[in-house]
Amino acid sequence: MSRYLARYMVSRYLSSVSSRPLHVCIVGSGPAGLYTADKVLKAHEGAHVDIIDRLPTPFGLVRSGVAPDHPETKIAINQFSRVAKHERCSFYGNVKLGSDLLLSELRDLYHVVVLAYGAESDKDLGIPGESLSGIYSAREFVWWYNGHPDYSSLKPDLKSSDTAVILGQGNVALDVARILLRPTTELASTDIARHALSVLEESSIRKVYLIGRRGPVQAALTAKELREVLGIKNLRIRIKETDLSLTPADEEEMKNSRARKRIYELLSKAAAAAAGTSEADPDQRELHFVFFRQPDRFLESDERKGHVSGVNLEKTILESVGSGKQIAVGTGEFEDLNCSMVLKAIGYKSVPINGLPFDHKKGVVPNVRGRVVSQTSGDISQTEPGLYVCGWLKRGPVGIIATNLYCAEETVGSISEDIEEGVCKSSKAGSKGLMELLEKRKVKKVEFSGWEKIDAKEKQMGIEKNKPREKLVTWEDLLAAAAN
Amino acid sequence: MVFHRLSRLGSRIVRELPRGIFMPVFGMRILHRSYGQYLQSSPMLQRQTRSLKEALFSNNRKFCTSFSTTSEKGGEETEKINVIFVDKDGEEIHIKVPIGMNILEAAHENDIELEGACEGSLACSTCHVIVMDTEYYNKLEEPTDEENDMLDLAFGLTATSRLGCQVIAKPELDGVRLAIPSATRNFAVDGFVPKPH
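So the protein sequences, as listed, match chains A and B.
Its first residue numbered 102, the first sequence is counted upward by one per residue in this note's numbering.
Its first residue numbered 47, the second sequence is counted upward by one per residue in this note's numbering.
Bound conformation, chain A alone (with noise of 0.2 Å):
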C-alpha cells in the first residue's frame, strides 16, 4: 500500500512540475549567485536559471578578490563551474544590469530575480585630504594585481619611498600586505596581474603599516591569514609590548570567541619572536602592526602637490558600549606617520541601482531572510514580490565563500516558500524573453563556452611562463578571446 502510494504522490509530483515551468535570473556569477543557482536547481525540478554578470568572466571575487597565492581557495571554480553547465542553467556574461537591461524588465521576464551582485564599491572615511593620489581603496588594488578590467590600468606608485601605509586590520589588508611584502619570486609563479608583478618587482617599499582603531583582540584578521604572513621569508613582525596588554573587558570577549584568543596568541608569539632580532639590513622588510590608532587626516606633500605624504593619527582607547563590545574613542593625542602610498582596508560597499530598495546607511538592500522589503511600517515589512537578495547585497561585506552557501540556503528557502504560496504562477518569457531583448540591443553576450575560450586561453599563455594561468585584463581581450 505504501509503495503505491510513493509512486503515486512521485508521479504527481513530476507532472505538476514539468507543467509549471519556473523562470529564476541570477544577477551575479560569484559565490552568492553560485551558490543560489546550485540550490534552486536542486530544490526545484522545474527550474531553468539564468546567471548574468556584468562581467565576460564568471566567478566574481573567487577571480579577482582571491589573492593570487591562495591558489587553493579558488578550487571552489571546479564545484562553481559544475553548478554553471547544469543542463537547466546558462551563463550569460557582459550583460550589465541597470544599462543593458533594466531590473523592471528581468523582473517581467522572469518569476524569481535574485540580485547577488556583491559590493563594488568602497566605503569613505570622511576625513581631509582623502582624495589625495596615492591613497587607494583596498580593492582598487586588489582588483589591480587580480587583473580585473575596470583596474588594469590602475598603476599604483610603489616606487617613491619604502612605506605603505594600510588602513584597516582585517583579512583585505592581510592580503594586500602580503603581496606588497611577498618576494616576488614567490608572487610569479601564481596567476598574479603580468602588470601587477612587473610594478612590484621594481617596488621600494619595505615597510608595511597595519593600523587598526581597537586593539589585538578585535582585530578582524583570521588566524589562517596571520599566520600565513608571520611565515613569510625575511619578513619580520613588529609588535609593541604595550599593545599586547589585556583589560578584563579584552579578556572577556576572548572568553566568548576561540577565534580571537587564537588570533590573540598568535600575535603574541610573534612580538615575542621579532622582539630578539636586531636591525641591520637596510633591505629588511617590516610588518608593523599598529593598535589604538584611527586616521585623522592624510598629509600633503610638500614636494609633490596632490599627492600623500603620510597620514595623521590619533591615538585610541577603547570604551565598554554593553553586551561585551568594546569600541575605539580618540583621545585628542595625535602622531604622523610618513608615508608614499596609502590602502584603505576599511570595507567594501554595494552599489544601488534604479528601482531597487537600498539602504544607504548600511550598503545593503533591506530584506527579510533574502526578500527585498519595499516598505517598512512598524513591524509590518511589504517585501517586493519575486525579487530576492543574496551574499553581499543582502548582509553586508563580511565573511568567506562558506558563508554564501548558508546565505543561500536562507534565500532560496524563502523563494521556496513563497513558490508554495503561489506567487509565481503566472507565465514568463524567461530565457528567450532575455535573448530577445539582448538581441535587440545588441548587446554582445558570452555564454559559458565563451569564457571556457577565455579559460583556455589564459591556461595555455600560462604554461609559458610557468603560471597557473595568466589572466586576460583588457575589456577587448576577454572580448576577442570568447568570441574566438
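Please note that a few of the clues may not be correct.
What the hints assert, rightly or not - Pairs of lysine-lysine residues, derived as DSBU-like cross-links and limited to a Cα-Cα distance of at most 30 Å, are as follows: (1) B:185 to A:356; (2) A:143 to A:526; (3) A:143 to A:554; (4) A:256 to A:197; (5) A:260 to A:224; (6) A:541 to A:197; (7) A:526 to B:134; (8) A:362 to B:185; (9) B:134 to A:186; (10) B:134 to A:143.
It should be emphasised that the hints constitute simulated quantities derived from the structure, not laboratory data.
Remember, predicted model here, so these are calculated numbers, not experimental data.
Given chain A, put chain B in place with the hints provided.
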C-alpha cells in the same frame, strides 16, 4: 545492498517533494526523534512519519546494524563502518564507509549534500559537520592548527565541530552520527558568535 540503495533513492525522492504540500496528508518526511536538539518538530508529526518510514523502508534496517566486514568482488576485504548523517532537513541517512576514507568523500559517494568547495585542501569550511555525540568526538584525533583556522570561520560552530575532509573512518567511529549545519534552524547567518571550544 539493493534494498539499501533503493531505500536511499526513495528517501531522496521523498526529500525532493515540495515541502508542505503532501506532508499534512501523508506525513512523508522521515524524521527521527534522536536529534531533537537540532530540530523542533511536533510529536505528532514524528509519530506519523516514523510509522510510514517503518512501513516503507523496513528493509533498510538489516543493513545498518553493526560494524561489518563485506566481501567485495575479487575477494578483497574492505572493512566498513556505519555512519549516520543528519542532513539539513533533519533526515537521517545511513551509509557504510570504508576504513580510511574521509567523511567528505564518503558523503559525495553517497549523494549526500555536503559541500567541499576546496576539495579537501583545508582552504574552506564548507564540509563542516557536527559530531552529535561527545563520546565519538573524543575518539577523533585533535584537529590541526590548519583545521582549527578553518573551523574558526565555520558557520554554526559548535564544541564538537569538525571538517568532514579531516575525519577519517576508523573502526572506533562505527555508528557515529554527523549533523550538517543548516541556515534554516537555530543559527543566524551573520553575527554568529562561536561558542568557546
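Any hints from earlier that this structure breaks? Give me their numbers in increasing order, please.
-> none
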